[in-house]
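For reference, the chains in residue letters:
2 protein chains.
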Amino acid sequence: MKKIINQTDDILNEMLEGLSYAYSDLVTRVPETNVIAKKNISGSKVGIVSGGGSGHEPAHAGFVGTGMLSAAVCGEIFTSPTPDQVLEGIKAADDGAGVLLVIKNYSGDVMNFEMAKDLAEMEGIEVETVLVDDDIAVEDSTYTAGRRGVAGTILVHKILGHAAESGKSLAEIKEIGDKLVKEIKTLGVALTGATVPAVGKPGFVLEEDEIEFGVGIHGEPGYRKEKLQSSRKLAEELVGKLKDEFNWKSGDTYGVLVNGLGGTPLMEQFVFMNDVKALLEEDGLVVDFKKVGDVMTSIDMEGLSLTMIHLDTPEWTEALKAPVTTIAW
Amino acid sequence: MKKIINQTDDILNEMLEGLSYAYSDLVTRVPETNVIAKKNISGSKVGIVSGGGSGHEPAHAGFVGTGMLSAAVCGEIFTSPTPDQVLEGIKAADDGAGVLLVIKNYSGDVMNFEMAKDLAEMEGIEVETVLVDDDIAVEDSTYTAGRRGVAGTILVHKILGHAAESGKSLAEIKEIGDKLVKEIKTLGVALTGATVPAVGKPGFVLEEDEIEFGVGIHGEPGYRKEKLQSSRKLAEELVGKLKDEFNWKSGDTYGVLVNGLGGTPLMEQFVFMNDVKALLEEDGLVVDFKKVGDVMTSIDMEGLSLTMIHLDTPEWTEALKAPVTTIAW
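Residue numbers (the UniProt record's numbering), protein chains in the order written: chain V, 1 to 329; chain C, 1 to 329.
Simulated from the structure, these hints should not be mistaken for laboratory data.
Don't take each hint at face value.
Which copy? The list can't say, so a pair holds if one copy fits it or any two copies do.
Below, simulated DSS-like cross-link-like pairs (lysine-lysine); rule was C-alpha separation at most 27 Å, straight line [said to hold, decoys possible]:
id: 1; residue 1: Lys2; residue 2: Lys201
id: 2; residue 1: Lys321; residue 2: Lys291
id: 3; residue 1: Lys241; residue 2: Lys3
id: 4; residue 1: Lys321; residue 2: Lys243
id: 5; residue 1: Lys243; residue 2: Lys225
id: 6; residue 1: Lys243; residue 2: Lys3
id: 7; residue 1: Lys201; residue 2: Lys3
id: 8; residue 1: Lys249; residue 2: Lys182
id: 9; residue 1: Lys201; residue 2: Lys225
id: 10; residue 1: Lys249; residue 2: Lys233
id: 11; residue 1: Lys168; residue 2: Lys179
id: 12; residue 1: Lys291; residue 2: Lys39
id: 13; residue 1: Lys291; residue 2: Lys2
id: 14; residue 1: Lys2; residue 2: Lys277
id: 15; residue 1: Lys174; residue 2: Lys291
id: 16; residue 1: Lys201; residue 2: Lys227
id: 17; residue 1: Lys233; residue 2: Lys321
id: 18; residue 1: Lys243; residue 2: Lys291
id: 19; residue 1: Lys321; residue 2: Lys39
id: 20; residue 1: Lys182; residue 2: Lys39
id: 21; residue 1: Lys2; residue 2: Lys241
id: 22; residue 1: Lys233; residue 2: Lys3
id: 23; residue 1: Lys233; residue 2: Lys2
Just chain V, same shape as in the assembly (with noise of 0.2 Å):
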């Protein structure tokens, strides 16, 4: 294993200090935890919070700042963040409208953070959750009942980010984001593991000339292995998935984010972004939004994914569109 670390106990504080360093005009470290803050939230507008494990940066400190996330809380690598650690996420974000959790569905961050949110009513606030399950790749997985949440997580952020800052009320939001996450669907091809600094191998080795769809962005298992193909087939895969889940018909509005997870070259994902694009447009879709780039990895795992979001409420489009002030969207 070759990293750039030091011990890796010490990864998670080392790169939280680091980001919060660089990034101080924005971001803020809540002292003694493994929050990512905005700085200066204020004007009485809804938190919106999220996390999970970290090894997928730059979500999810990458994405707070005005317009999308209040608070991000940061676990252990591919670890939940523990219910305290989430209370203190909702706190540093409440500012008396109450706190929306946007939760990816994980058996360890669904329960962390329903627990989190317990802990927080307990304490006066008012805290509603989102489930985000966006990977249509396979049906109940290694740390998951039901589908697994990923990149679609970060169209999430943004949108309810901006319908926040827009002073829209908590259950506003709340019913915003419930029709939201259904309208969302990530598929995901990998090229090879990730490598967890702790663990010191990747958690699961393809062939030379192997390829696997649907792996998890934690390297959970995917629904078929193949030998490696070009750009132009496996889009046709990924776009063909995702079609028979949407339904589509000509004419019908989509969203595209063309997502690398950590080890692929944006080059690749721009050619592959190419051959989406020939793909969408034999089935006469409009696409109002386009993103790619690294939004959700998985360590240095390389591959990517596409994630698309039905768009048939202007209001969301207007959301992906609008300026925001984060380290990373």
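Add chain C to chain V, keeping to what the hints say.
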């Protein structure tokens, strides 16, 4: 080689198609060229143009937009763009106030950009150049006489882009640029070599536990190979060498850019930034600008570079912090 591509000969074209499709709100591909230009160039401002071989994404096309580059000229992978392509970039960027070319110091780039300057002047466009040679690793190199131009180039884009946006003249921007490049220095460390797709294997190979200081962004040899060390030790080496060059003293003001080379997770870049912070604090520096992320990559190379800029000119700090509308700043 595992890459998400189609034919290796088509990568540049397909990447530019994917990029200009994904970010059609911000940029446009000049028809029948490899030039990515800012949308809606107007206002009689000086155009800022950069470019070079591809494989360094998001550089340079990712920095096209209001407040940074007017156009980026994209060569084949690790290959300088031809003079006629650079001329197309100049034409796209010119709005009557002239064009400044930001050139990384590689012999091919210098020759082709200078030839394009001559061609443009024959067509009546005023052109100036600024040469970036921030890499302190070695004098002369595989493709370079003198020092190489690397990640510091992005800070030049930012500061000169701001000067152009502020309405400064070509002569004024050239003067700022010539001063600026003397105050920017970079040093990197590689953990692995980059794989050019058409070659199919890494340009150089390091042992499992070996790193190399001072490797260029095309895999040019560095100055020392060693066993992999802690992030802290790496920071000591890079900061130490930069200190020798700048000869800074307590109270001096600097900016810091930690740049991932393509295959290095943000997690490690933030851990490294934390170690840099400690060393700069020890020396009593005032650090008034900080940035972490992949800005000048070498395809899939693992490793990072540290760029520092001496900021005793408040206008430069202001320029670095000014908002821009680009894909990747």
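Now the hints, each set against the structure:
Both within a single protomer and between protomers do lysine 2 and lysine 201 lie at most 27 Å apart by alpha-carbon distance, with minima of 10 Å and 19 Å respectively. Within a single copy, lysine 321 and lysine 291 get their C-alpha atoms as close as 10 Å, and across copies as close as 24 Å, so both meet the 27 Å cut-off. In this assembly of identical chains, lysine 241 and lysine 3 lie within 27 Å of each other by CA distance solely across copies; the values are 21 Å between and 35 Å within a copy. In the homo-oligomer, the alpha carbons of lysine 321 and lysine 243 lie at most 27 Å apart inside one protomer (24 Å), although the nearest pairing across protomers, at 42 Å, exceeds that limit.
In the homo-oligomer, the alpha carbons of lysine 243 and lysine 225 lie at most 27 Å apart inside one protomer (21 Å), although the nearest pairing across protomers, at 50 Å, exceeds that limit. Taking identical chains as interchangeable, the C-alpha atoms of lysine 243 and lysine 3 lie at most 27 Å apart only when they sit on different chains, with a minimum of 25 Å there against 38 Å within one chain. When the C-alpha separation of lysine 201 and lysine 3 is checked against a cutoff of 27 Å, the pair qualifies both within a copy, at 11 Å, and between copies, at 21 Å. Taking the closest pair of Cα atoms, lysine 249 and lysine 182 come within 27 Å of each other only inside a single copy of the chain (17 Å); across copies the shortest separation is 57 Å, beyond that limit.
Taking identical chains as interchangeable, the C-alpha atoms of lysine 201 and lysine 225 lie at most 27 Å apart whether they share a chain (20 Å) or sit on different chains (23 Å). In this homomeric assembly, lysine 249 and lysine 233 come within 27 Å of each other (Cα to Cα) only inside a single copy, at 21 Å, whereas the closest approach across copies is 57 Å. In the homo-oligomer, the alpha carbons of lysine 168 and lysine 179 lie at most 27 Å apart inside one protomer (15 Å), although the nearest pairing across protomers, at 49 Å, exceeds that limit. In this homomeric assembly, lysine 291 and lysine 39 come within 27 Å of each other (Cα to Cα) both inside a single copy, at 26 Å, and across copies, at 17 Å.
Taking the shortest Cα distances, lysine 291 and lysine 2 sit within 27 Å of each other only across copies (23 Å), while inside one copy they are farther apart (30 Å). Taking CA atoms no more than 27 Å apart as the test, lysine 2 paired with lysine 277 passes between copies only; the shortest distance there is 22 Å, against 36 Å inside one copy. In this assembly of identical chains, lysine 174 and lysine 291 lie within 27 Å of each other by CA distance solely inside one copy; the values are 25 Å within and 34 Å between copies. Taking the shortest alpha-carbon separations for lysine 201 and lysine 227, both the intra-copy value of 22 Å and the inter-copy value of 18 Å come in at or below 27 Å.
In this homomeric assembly, lysine 233 and lysine 321 never come within 27 Å of each other (Cα to Cα): the closest approach is 30 Å inside a single copy and 42 Å across copies. In the homo-oligomer, the alpha carbons of lysine 243 and lysine 291 lie at most 27 Å apart inside one protomer (19 Å), although the nearest pairing across protomers, at 39 Å, exceeds that limit. Taking the shortest alpha-carbon separations for lysine 321 and lysine 39, both the intra-copy value of 22 Å and the inter-copy value of 17 Å come in at or below 27 Å. Proximity of lysine 182 to lysine 39 under the C-alpha cut-off of 27 Å is found in neither arrangement, the shortest distances being 31 Å within a copy and 34 Å between copies.
Taking CA atoms no more than 27 Å apart as the test, lysine 2 paired with lysine 241 passes between copies only; the shortest distance there is 23 Å, against 35 Å inside one copy. In this assembly of identical chains, the alpha carbons of lysine 233 and lysine 3 lie at most 27 Å apart only when taken from different copies (13 Å versus 32 Å within one copy). Within a single copy, lysine 233 and lysine 2 get their C-alpha atoms only as close as 32 Å, which misses the 27 Å cut-off; across copies the closest is 14 Å, which meets it.
Checked against the numbered hints given earlier, this structure breaks hints 17 and 20; the rest are met.
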